[in-house]
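From just these sequences and the hints, can you work out the full model?
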Amino acid sequence: MSQSHDPRQGMSRRHFLRLSAASAGVLALAACAAPVAAPGGAPAEGGEPAAAATTISFLTQGGNDNDFLRYEPLIENFQGANADITVEPIWEPGGAIQVQTKLLTLIAAGDAPDVYWAHSYTNGGQAKRNIQMDLTDMIASDDAVSPDNFLPAAYADFTVDGKQVGFPRETTSTVLIYNKSLFDQNGLATPTDNWTWEEFMNAAETMTAGEGAEKVYGTADWNLNRNTWIKMWQKGGDVISEDRTTYTMNQEPSVGQVREIASWFHDLGVHIPGVEVGGFTTADLFTTGRIGMFPQFSVFSGIMAAEFDW
Numbered sequence: 003m004s005q006s007h008d009p010r011q012g013m014s015r016r017h018f019l020r021l022s023a024a025s026a027g028v029l030a031l032a033a034c035a036a037p038v039a040a041p042g043g044a045p046a047e048g049g050e051p052a053a054a055a056t057t058i059s060f061l062t063q064g065g066n067d068n069d070f071l072r073y074e075p076l077i078e079n080f081q082g083a084n085a086d087i088t089v090e091p092i093w094e095p096g097g098a099i100q101v102q103t104k105l106l107t108l109i110a111a112g113d114a115p116d117v118y119w120a121h122s123y124t125n126g127g128q129a130k131r132n133i134q135m136d137l138t139d140m141i142a143s144d145d146a147v148s149p150d151n152f153l154p155a156a157y158a159d160f161t162v163d164g165k166q167v168g169f170p171r172e173t174t175s176t177v178l179i180y181n182k183s184l185f186d187q188n189g190l191a192t193p194t195d196n197w198t199w200e201e202f203m204n205a206a207e208t209m210t211a212g213e214g215a216e217k218v219y220g221t222a223d224w225n226l227n228r229n230t231w232i233k234m235w236q237k238g239g240d241v242i243s244e245d246r247t248t249y250t251m252n253q254e255p256s257v258g259q260v261r262e263i264a265s266w267f268h269d270l271g272v273h274i275p276g277v278e279v280g281g282f283t284t285a286d287l288f289t290t291g292r293i294g295m296f297p298q299f300s301v302f303s304g305i306m307a308a309e310f311d312w
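For our numbering, count along the sequence shown from 1 and bump the result up by 2.
Simulated from the structure, these hints should not be mistaken for lab results. Heads up, the beta-carbon is just placed ideally off N, CA and C, and yes, glycines get one too. It is possible that some hints are incorrect.
What the hints assert, rightly or not - Have a look at the derived ranges for each label pair, beta carbon to beta carbon:
{"hint": "1", "residue 1": "246", "residue 2": "286", "range": "32 to 40 Å"}
{"hint": "2", "residue 1": "307", "residue 2": "75", "range": "25 to 33 Å"}
{"hint": "3", "residue 1": "196", "residue 2": "300", "range": "14 to 22 Å"}
{"hint": "4", "residue 1": "74", "residue 2": "300", "range": "21 to 29 Å"}
To be verified - In silico lysine-lysine, DSS-like type, Cα no more than 30 Å apart, as pairs:
{"hint": "5", "residue 1": "130", "residue 2": "104"}
{"hint": "6", "residue 1": "182", "residue 2": "130"}
{"hint": "7", "residue 1": "233", "residue 2": "182"}
{"hint": "8", "residue 1": "233", "residue 2": "217"}
{"hint": "9", "residue 1": "237", "residue 2": "182"}
{"hint": "10", "residue 1": "217", "residue 2": "165"}
{"hint": "11", "residue 1": "165", "residue 2": "104"}
Structure, rendered in structure tokens:
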């Protein structure tokens with residue numbers, strides 16, 4: 003697409019908002035979907051002029067079957083409900099950084115997509131480039147999409163300087179995945195809804211045993227930022243201030259929580275160190291019985307091959 007057009011031209015505000023929301027977590031650009039007139043301006047049945055067809059380009063992840071299975075049904079459902087709109091997906095393998103690179107490349111070439119997926123951590127930088135459409139007034143004047151349909155924190159990730167520039171695709175809970183068989187072998191009670199950190203540490207220390215390539219570690223993956231944040235948030239800390247203007251991870255209680263996790267590696271030895279992981283993923287090591295428990299998204303499917311109860 004070389005022309006620049008308002009994507010609302012040729013389609014209703016409601017259609018555009020529904021596409022943005024159905025695409026889930028994508029952001030709308032101020033350019034550039036061109037409506038396409040029916041061939042020869044042919045009238046529809048009953049003598050009414052045919053509605054102008056609209057094509058919308060949509061940049062998103064598309065490197066494996068999981069990506070296609072996530073988005074293709076959404077596109078099909080949307081097109082089924084809006085026969086005058088065609089969605090042309092632009093599939094880009096990889097994650098948020100790869101999609102952002104593709105986005106900026108397309109913009110530089112004058113071929114920007116109309117709608118695109120962005121992770122919350124790349125959205126702020128993109129918003130500062132002034133490439134996104136402000137959807138605030140459209141949302142306020144249309145009951146098809148409401149902020150009340152989203153978790154407030156997730157919705158806020160796509161609010162920049164008071165402007166709503168997109169919608170969250172999903173909000174995933176983090177859970178503790180544990181090897182029930184390993185708990186049973188060590189005489190440990192399995193985690194409950196009111197499990198304490200003291201009970202967590204006792205279990206991690208009890209399950210840690212062995213040496214070398216056969217060593218079992220009580221836990222893993224707390225060094226990943228999203229999991230470190232869990233402990234920080236629980237203690238009242240955060241990465242940035244509430245108004246999102248000041249870096250606060252270098253303050254207490256955040257610093258104390260980072261140091262505590264570091265002690266699990268260096269002092270207690272209950273957390274598997276990176277050098278032990280080698281070329282294996284945490285899921286690989288968990289399914290072979292070398293990790294007792296680790297935090298992960300509730301939709302995680304990488305441990306389905308485990309031959310023990312978990």
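Hint check results:
Between residue 246 and residue 286 the C-beta distance comes to about 37 Å, which sits within the given range of 32 to 40 Å. Restraint check, residue 307 to residue 75: a C-beta distance of roughly 26 Å satisfies the suggested window 25 to 33 Å. The beta-carbon spacing between residue 196 and residue 300, approximately 19 Å, falls within the hinted interval of 14 to 22 Å. About 23 Å separates the C-beta atoms of residue 74 and residue 300, a value consistent with the hinted range of 21 to 29 Å.
Distance hint between residue 130 and residue 104 is fulfilled; the C-alpha atoms sit about 17 Å from each other, no more than 30 Å. At roughly 47 Å between alpha-carbon atoms, residue 182 and residue 130 are farther apart than 30 Å, so this suggested pair is violated. At roughly 23 Å between alpha-carbon atoms, residue 233 and residue 182 fall within 30 Å of each other, so this suggested pair holds. Only pairs whose Cα atoms come within 30 Å are accepted, and residue 233 paired with residue 217 is accepted, the gap being roughly 26 Å.
About 28 Å separates the Cα atoms of residue 237 and residue 182, which keeps this hinted pair within 30 Å; it holds. The hinted pair formed by residue 217 and residue 165 fails the criterion: a straight-line CA distance of about 52 Å is larger than 30 Å. Of the supplied pair hints, the one linking residue 165 and residue 104 holds, its CA atoms being roughly 24 Å apart against a limit of 30 Å.
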